[in-house]
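Engineer: Chains as they are written, first to last, in this note's numbering: chain H, 1094 to 1536; chain L, 1094 to 1536.
It cannot be assumed that every hint is accurate.
Since the list gives no way to pick one copy over another, a pair counts as held whenever it fits inside one copy or between any two copies.
[What the hints assert, rightly or not] Straight-line C-alpha distance at most 25 Å; calculated SDA-like pairs for lysine to any residue:
1) K1239 / Q1142
2) K1515 / A1218
3) K1320 / I1422
4) K1492 / R1457
5) K1412 / D1323
6) K1167 / N1332
7) K1492 / F1504
8) K1121 / L1283
9) K1180 / L1245
Don't read these hints as lab results, they were simulated from the structure.
Number of protein chains: 2
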Amino acid sequence: MIQPNIPESDRPRVVIVGGGFGGINLAKALKHAPVQVVLLDRNNYHLFQPLLYQVATAGLEPDSIAFPLRGIFKNQKNLHFRMAEVKAVRSEENVLETNIGEIRYNYLVIATGSNTNFFGNNQIAENAIGMKSLIEAVQIRNYVLKQFEESLLLNDERLIRRKLNFVMVGGGPTGVELAGAFAELRKYILPKDYPELPIHLMNIFLVEAGPRVLASMSEASSVNTLKGLDFLGVKVLLNTAVKEYDGTTLKLSNGDTIETQSLLWSAGVKGFPLEGFPDSVLLPNGSMKVNEVNLVEGYSNIYAIGDMARMLNDERFPKGYPMVAQVAIQQGAQLGANIKNSLRGKVMKAFRYKDLGSMATIGRNRAVAEFAGIRLSGYIAWIAWMAVHLLNLLGFRNKLVVFINWFYRYFTYDRGTRIIIKRGAANIVKLGKTMDQTTASNI
Amino acid sequence: MIQPNIPESDRPRVVIVGGGFGGINLAKALKHAPVQVVLLDRNNYHLFQPLLYQVATAGLEPDSIAFPLRGIFKNQKNLHFRMAEVKAVRSEENVLETNIGEIRYNYLVIATGSNTNFFGNNQIAENAIGMKSLIEAVQIRNYVLKQFEESLLLNDERLIRRKLNFVMVGGGPTGVELAGAFAELRKYILPKDYPELPIHLMNIFLVEAGPRVLASMSEASSVNTLKGLDFLGVKVLLNTAVKEYDGTTLKLSNGDTIETQSLLWSAGVKGFPLEGFPDSVLLPNGSMKVNEVNLVEGYSNIYAIGDMARMLNDERFPKGYPMVAQVAIQQGAQLGANIKNSLRGKVMKAFRYKDLGSMATIGRNRAVAEFAGIRLSGYIAWIAWMAVHLLNLLGFRNKLVVFINWFYRYFTYDRGTRIIIKRGAANIVKLGKTMDQTTASNI
């Protein structure tokens, strides 16, 4: 009974798997192309991942960083969106297997992004918390607020420490931004909301295996970031790796241990490969080998972009491009132009990443930013960070809601969305037999 | 190990169960009283229930109508909040049993509000959807959007109708407001987001057993409301009761059937009684018999307010006051004053409800309102409705976010928060053993 119901067309069909930065920019670039675009995503929204950490730390409502994909493309007549989980590719038949049936393609673009990478450490994978999806960020917010509430019920200092210590692993932008936001929770929210809790029992740690934080930026920015984190009271442990974590005690490579029930892992990401490809095109981190026009090695009509693509033709990036939004955005836009070129019989143009710079916020009035040879830090970098993020956020409503949250937080030092959304024992929705199991249990 | 950890005090302790309209107004009224106030709620936020229907219909983000209880009382030094599920009362010992341990009280106030009442019809209770909590509203939003997405995958018209027909049961303000909001989804969102879906297959029904909608208001307002619903295309069935509902087919008392997978039940509410009371004080609808100062019949220090209280001393309301926010607010405030009186040795003053009027919105530019002998309808009532709701919403941030959503929706006809928040198969958070089961599964 279930079938994708995508109207057949005389035009070649471009199927895009994933509505992230790469997928939506590719789809937009194909707006006036003589193709039929089919966009698939497991969610019905595009997620603005760079602000996920603010949802996790009760600074923004989840809805403010998610934008309905149907809204983005409501004026694009050649695009059909379907909410679907893609299972596998049968490339010899040009068919995609999904949970809503089989979908034929002429061009297939894999833009599935990445997920948390625990590098095969099952003990850590089981006990640590990743943050790559909206539901994960909401769960972290619920979990963190619950630790505060439950700490009030304890008398044993060691158990309280376990609940109030928060450890971020990975000194990249996500780890730094999370650590900064947790430190601000400690500084501005804890004393007001929980005056009974001894603040010295709450500590924020940032653990980084390498010699510096924000290693992709300049030495000066790393130093600035360290100073900012130190000012906020974050304990940064450099050249330190995680050895073991059983859910309550973290063992570090330097022999130290930290008691914590909250290990937030942002030390790595890996691709989301589809089934149906030979091992030869898949890399250990789950991404796929592509040529200079994002064509997957050995295929003539299957492309991968963004975090899923490993492109090695740029001498500046011998190990491939970093897994960042800008690469996905640029590859999406250029692949769109290239598909249009190929339809007109022109050759595709090789992709070359244009580094627009990078930035990270540490906390109130503190950020670091580098672009076009300019290095900023402190207040001006923080303003630049906010402006860039607001401008890139999709949708007028979302921009306004995020702006108001920031404005409000700046002047009140408050975080408005510190609510725990859970089902109470007494008011579980009666979701009947006709509702899918997934709807009933997986909010 | 777990215990409430509420500091002992020489002052009498007032324990308030429930942070709804009644509970928070009582707690506020006790700010400068020589008592220790202990506020318990299963959630860490106060919910502004009158706007719940807008969350359910993708018009507002859940966070905008929830306000952290700790934020409300951050400057009230005599108040201690604990997130707790209250199980039972041992009134002979003045002790409350909760999931965080036992709590002693001098005054106990039951302000637990109400839940959906299916009047003992188990088949309907199993298959219909109630809307009394934030998680229920979010689940309805997810569910409704999922019906739209899944309709696209079907060819059988009967199955599509099942997914696109939405039936509200109960012609009170909640039913009317939900029906109006669904009709607006149909009118403004469906054609833009789902141009492939035939709009005539989506129908909104409002089923009311009595002879008119908004029966608590004037005949003229009922007529106005009917006209407004008719304009929006809502099919209103008066003098019609629900007989049976198996999850896909609804049988009505007039012999008709409606194919629907979405039956939203707002035909009644019932109290949330605590264990430990004799049947003699509990009424069939779960509320408790109280005297004119909200004292529960037969007790000297246990009070019930709001939806939980049935007060019969007012000759204007021989069956007791309606279960509305205003009664809870006024009873909370007055019980606070009365507890202060009793501590000064004065007698408590009898409660008398001051009806401030009532209002309901039907849709864009359409509402009905009645207060102080004045009857409004149409645009001016709609503006009044928005002003009253904005002013009563707690918190500057929430007011701004709600205002922006309304402003945006008014000019764009769009609904910004139409996102489905669910766990994807591939990115379930790894919530380890140390996280409580409730945190892991009950977002």
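Engineer: Work down the list of hints and note, for each, if the structure agrees.
Structural biologist: Here is how each hint holds up against the structure:
| no. | hint | in the structure |
| --- | --- | --- |
| 1 | K1239 / Q1142 | both (24 Å within a copy, 23 Å between copies) |
| 2 | K1515 / A1218 | both (24 Å within a copy, 21 Å between copies) |
| 3 | K1320 / I1422 | neither (32 Å within a copy, 50 Å between copies) |
| 4 | K1492 / R1457 | both (19 Å within a copy, 24 Å between copies) |
| 5 | K1412 / D1323 | neither (32 Å within a copy, 64 Å between copies) |
| 6 | K1167 / N1332 | neither (49 Å within a copy, 41 Å between copies) |
| 7 | K1492 / F1504 | both (18 Å within a copy, 16 Å between copies) |
| 8 | K1121 / L1283 | between (44 Å within a copy, 22 Å between copies) |
| 9 | K1180 / L1245 | between (46 Å within a copy, 20 Å between copies) |
Figure legend: structure checked against the earlier numbered hints; hints not met, in rising order: 3, 5, 6.
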